[in-house]
Amino acid sequence: MKVGVKLPEVTFHTRVRDESVGGPNPFRWEDKTTADYFAGKRVILFSLPGAFTPTCSTYQLPGYEKGYPEFKDLGIDEIYCMSVNDSFVMNKWAQSQELQNVKVIPDGSGEFTRKMGMLVDKDNLGFGMRSWRYAAVINDGVVEAWFEEPGLMDNCPDDPYGVSSPETVKEYLVEASKASAA
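Residue numbering for the sequence shown is 1 to 182, as defined by the UniProt record's numbering.
A hint or two may mislead.
[Said to hold, decoys possible] Only pairs whose alpha carbons sit at most 27 Å apart, straight line, appear in this in silico DSS-like list of lysine-lysine:
no., residue 1, residue 2
1, 32, 72
2, 6, 72
3, 122, 92
4, 103, 41
5, 6, 103
6, 41, 115
7, 2, 72
8, 72, 178
9, 2, 32
10, 178, 66
11, 178, 122
12, 66, 103
13, 2, 170
14, 178, 2
15, 2, 92
16, 170, 72
17, 32, 6
18, 103, 32
19, 41, 6
20, 32, 115
21, 115, 92
22, 41, 178
23, 6, 178
24, 41, 170
25, 66, 32
26, 2, 103
27, 170, 6
28, 103, 92
29, 2, 115
30, 72, 103
Hint data in this document are derived by calculation from the structure and do not stem from the laboratory.
Sequences and hints are given; from them, build the entire structure.
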């Protein structure tokens with residue numbers, strides 16, 4: 001359980017749209033830190049094995065995207081999707097998913113994921129090192145609630161999904177909202 005843990009300080013190498021660059025690919029490099037994403041905000045962070053993969057693209061990411069208005073009503077400022085993929089892949093995946101609300105964070109080298117203790121070997125699928133599937137509610141850079149799929153291991157023969165689903169996180173937020181109102 002990682003509740004109460006402060007997120008590791010890392011620098012993410014991102015590509016951001018900048019029309020001044022011109023051409024067919026108007027993006028520039030922009031480094032962002034853990035603080036840039038998480039300081040002073042209450043956010044949902046969910047991490048998954050890979051962009052464009054079936055569970056991630058069919059259920060998890062679309063579920064968080066569609067549920068965004070409800071999450072905002074429950075006190076969430078942002079929703080971030082992280083994967084051990086580079087910024088080019090994450091941006092293309094966000095575009096293909098037509099994201100309007102969820103923002104993607106590329107953890108290309110896996111540094112953040114490793115420091116969170118969630119980096120696993122997925123050589124059995126030809127992926128190499130990737131993130132174990134999890135979600136968290138992060139409040140000002142500190143883990144408020146943690147939702148980790150069972151069976152954390154290298155080369156897991158299956159891809160558990162449910163604990164980190166948007167429905168599970170929403171249940172937590174609804175209960176937390178009721179508790180704070182009482």
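Task: Violated hints - listed by number, lowest first - done: Of the numbered hints given earlier, those the structure breaks are 11, 15, listed in rising order.
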